Amino acid sequence: MLKINNLCAKVGDKDILKGLNLEVKPGELHAIMGPNGSGKSTLAAVLAGRDSFEVTDGSVDLDGIDLLDLEASDRAREGVFLAFQYPIEIPGVSNLNFMKAALNGKRSHQGLEPIKAKDFLAKVKECSSLVELDGQLRDRSVNEGFSGGEKKRNEIFQMAMLEPKLAILDETDSGLDIDALRVVSKGVNAMRSSERSFIVITHYQRLLEHIVPDFVHVLSNGKIVKSGGKELALELEEKGYDWLKEPSHDTSNA
Amino acid sequence: MSVFTDKFSATLPPPTRKSERWKYSPIAKLLNHEIEISKASAQGLNGWPESLMPNPVLNLDAYLVVFKNGVFEPTLSDLPVSDGVDCIPFSKMDQSGPLEFSNVYHQKEWIGELNDTYRQDGLSLHVHRNVKVDRPIVIHHLTDGINVASFPKHLIKVEEGGELNVVIWSSATDRSSGMYNGLLEASIGPNAILSLEKVCNEGGKVFHFSHEHIVQERDSKLKMHTFTIKGDWVRNELEIISRGKGTDSVFNGAYLPLGTEHIDNHTTMDHTSSDCTSSELYRGIMYGHSTGVFNGKVFVRPDAQKTNAFQQNTNIVADRGAAINTKPELEIYADDVKCAHGCTVGQFDLDALFYLKSRGIDEKAAKALLVEAFLADVLSSVSSTELSAEIMSLYTERHGW
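If you read the sequences in order, they're chains U and G. For the first sequence, counting from 1, position 230 maps to 230 in the working numbering; every step adds exactly one. Start counting at 1 in the second sequence, then tack on 254, and there's your number in the working numbering.
In short, the hints are calculated from the structure, not lab data. Remember, predicted model here, so these are calculated numbers, not experimental data. From the three backbone atoms N, C-alpha and C, an ideal C-beta is built for every residue, glycine too. A couple of the hints might just be wrong.
As the list claims (entries may be wrong) - Just the calculated beta-carbon pair ranges, DEER-fashion:
{"no.": "1", "chain 1": "G", "residue 1": "SER345", "chain 2": "U", "residue 2": "LEU121", "range": "24 to 34 angstroms"}
{"no.": "2", "chain 1": "G", "residue 1": "ARG652", "chain 2": "U", "residue 2": "LEU121", "range": "43 to 53 angstroms"}
{"no.": "3", "chain 1": "G", "residue 1": "ASN313", "chain 2": "U", "residue 2": "LEU121", "range": "24 to 34 angstroms"}
{"no.": "4", "chain 1": "G", "residue 1": "ASN300", "chain 2": "U", "residue 2": "GLN136", "range": "39 to 49 angstroms"}
{"no.": "5", "chain 1": "G", "residue 1": "GLY542", "chain 2": "U", "residue 2": "SER129", "range": "40 to 50 angstroms"}
{"no.": "6", "chain 1": "G", "residue 1": "ILE291", "chain 2": "U", "residue 2": "LEU121", "range": "56 to 66 angstroms"}
{"no.": "7", "chain 1": "U", "residue 1": "GLN136", "chain 2": "G", "residue 2": "LYS386", "range": "38 to 48 angstroms"}
Said to hold, decoys possible - Among chain G residues calculated to face chain U with C-beta under 8 angstroms, some are:
{"no.": "8", "residue": "ASP428"}
{"no.": "9", "residue": "GLY614"}
{"no.": "10", "residue": "ILE615"}
{"no.": "11", "residue": "ALA619"}
As the list claims (entries may be wrong) - Here are the simulated SDA-like pairs of lysine to any residue, each with C-alpha atoms no more than 20 angstroms apart in a straight line:
{"no.": "12", "chain 1": "G", "residue 1": "LYS621", "chain 2": "U", "residue 2": "GLU89"}
{"no.": "13", "chain 1": "G", "residue 1": "LYS618", "chain 2": "U", "residue 2": "SER108"}
{"no.": "14", "chain 1": "U", "residue 1": "LYS100", "chain 2": "G", "residue 2": "ALA619"}
{"no.": "15", "chain 1": "G", "residue 1": "LYS621", "chain 2": "U", "residue 2": "SER108"}
{"no.": "16", "chain 1": "G", "residue 1": "LYS618", "chain 2": "U", "residue 2": "ILE88"}
{"no.": "17", "chain 1": "G", "residue 1": "LYS618", "chain 2": "U", "residue 2": "LEU70"}
{"no.": "18", "chain 1": "G", "residue 1": "LYS551", "chain 2": "G", "residue 2": "VAL358"}
{"no.": "19", "chain 1": "G", "residue 1": "LYS621", "chain 2": "U", "residue 2": "SER94"}
{"no.": "20", "chain 1": "G", "residue 1": "LYS621", "chain 2": "U", "residue 2": "LEU70"}
{"no.": "21", "chain 1": "G", "residue 1": "LYS621", "chain 2": "U", "residue 2": "ILE88"}
Sequences and hints are given; from them, build the entire structure.
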């Protein structure tokens, strides 16, 4: 499904991703762990199409489509979804109008008619109850005044609405208490299927007790330095990252 | 002597950039225009351009007063005829004459003097005590022609307990050029309510000047909106004087100029009496190479204790070539008041834009959502949903969202 080959990206003059390789097959869930500043969130942003990062080398292929060639909105329409680490508040834009525009954007891309109001509301009800947000979205602006937990649940609600092919969860567990973590994990697990793949970025093994990965990768200094099964996460929890870290090759010292 | 001042004589000099009030809106280009004073008489539908409707807000059930190039068009108008409302163009007045007011704008400003000297017509609108006018009154000014000028002045008086909604809509055909110089004086009696919406949707190259002078008596309410949809060069001046206790003034505005358009909003809120509130919100998005000015003055005089005044001007500069000069001015002479003001100039929120795009909403639609959200606070207080929907749809159509 997803093939990332030798991906290199920088922001300004700073190289962040330095030749990252990853293959994700349909239905698989890959966890990416790693120390602060290793490039985890950059990977998420580059895959979603944030243009503040410059891709300098490599390729990203999603079912035969060159993702790097597409605008962020077209990537989403092709089935990429990013659950933000810090979801954005947009005062004045209602949650429901936002989701309707998103859903209809995708549908027009697929050559479908805009969704009927009744079907839309039914889908909202179904997806919002999945993350225990039912009835709380209608009259509110996108993420405005939402608690940290509500924002993260809203991300999973949006994921459920848009039914992506590839979902990237960027530190969805940060800022969540145990109960919210359980709700969010339940939502993610309900979305798992043999056609949908996940990349879950996290600092902590805690999330992976709820969302069990097929593979765990350690990202350090812009590259994947170790891959393994779910037991790798436990090992990291115990030993930390230091034993895996690649020495940084700062160009100024070269 | 310029071409203009050869034809239009005034004792006051035209404003120059040396005056702070006109520093960012120079009128040198106007002074080189060969503008004629229209002497046409009413032409009815025969003289009306096909591209526009005499009624600018078709969905709004309203009375209609139409002027073309400053001249009243009786056959295109539908004036209220009921007890308690006198709505009469100056040209149709009997000897009783129009309402009288004490504004001295014509003695202070060149623009005002020109209006006073060359006025073709205007509307005298008197709402009697406790009369609530059943429908809005739409005053439509059309500019159609090359180098034409119109100088309307409207007088509005709402007596104690009365209620009135007026929409002043100015439009111009694409071929048009010249000048629109429109004045308005209003007085809102005790406990009376005036809602006033001003919409400028002018094609062509017209210099648009408008000046409103509004006096509020005790416990009266003013709700005023100034929308600039389209206009090559637009200056809106609004002056509100709160003269009695307990008045409430809400005045909002929006502008989204394109190309090389120029838009200037000058407002003055003068609190002279105690226990009053005022709330001002102007929002603008500057596109292309457009230029803009916002100047908002709030005076709180020594007797205006317990005043609660709020003022905000928020701007987005959408393109590299656009510019806005914004300046809030607060002068407070009373000690027990609450005043807040702020001006901001920024860009579209790139984080919000990316968030929307990451959900499959394309850039254009994402910007449209952000613009709609940006304008929502201004549009939501418009007196009728028909009017706010029409304004939003004109913005949408113009900007191709």
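Tested hints:
1. G:SER345 / U:LEU121: 24 to 34 angstroms: violated, 56 angstroms
2. G:ARG652 / U:LEU121: 43 to 53 angstroms: At roughly 32 angstroms between Cβ atoms, LEU121 of chain U and ARG652 of chain G fall outside 43 to 53 angstroms, so the hint is violated.
3. G:ASN313 / U:LEU121: 24 to 34 angstroms: holds, 27 angstroms
4. G:ASN300 / U:GLN136: 39 to 49 angstroms: With a Cβ separation near 59 angstroms, ASN300 of chain G and GLN136 of chain U fall outside 39 to 49 angstroms, so the hint is violated.
5. G:GLY542 / U:SER129: 40 to 50 angstroms: holds, 47 angstroms
6. G:ILE291 / U:LEU121: 56 to 66 angstroms: Holds, at about 60 angstroms.
7. U:GLN136 / G:LYS386: 38 to 48 angstroms: At 40 angstroms between Cβs, range holds.
8. ASP428: violated, 33 angstroms
9. GLY614: This hint holds: GLY614 of chain G lies near chain U, its Cβ roughly 4 angstroms from the closest one there, short of 8 angstroms.
10. ILE615: Constraint on ILE615 of chain G satisfied, holds at 5 angstroms.
11. ALA619: holds, 6 angstroms
12. G:LYS621 / U:GLU89: holds, 15 angstroms
13. G:LYS618 / U:SER108: holds, 15 angstroms
14. U:LYS100 / G:ALA619: Within the cut-off at roughly 12 angstroms; holds.
15. G:LYS621 / U:SER108: holds, 18 angstroms
16. G:LYS618 / U:ILE88: holds, 19 angstroms
17. G:LYS618 / U:LEU70: Given pair LYS618 of chain G, LEU70 of chain U holds - Cα atoms ~16 angstroms apart, limit 20 angstroms.
18. G:LYS551 / G:VAL358: Given pair LYS551 of chain G, VAL358 of chain G holds - Cα atoms ~19 angstroms apart, limit 20 angstroms.
19. G:LYS621 / U:SER94: holds, 14 angstroms
20. G:LYS621 / U:LEU70: Judged against 20 angstroms, a Cα distance of about 18 angstroms means the pair holds.
21. G:LYS621 / U:ILE88: holds, 15 angstroms
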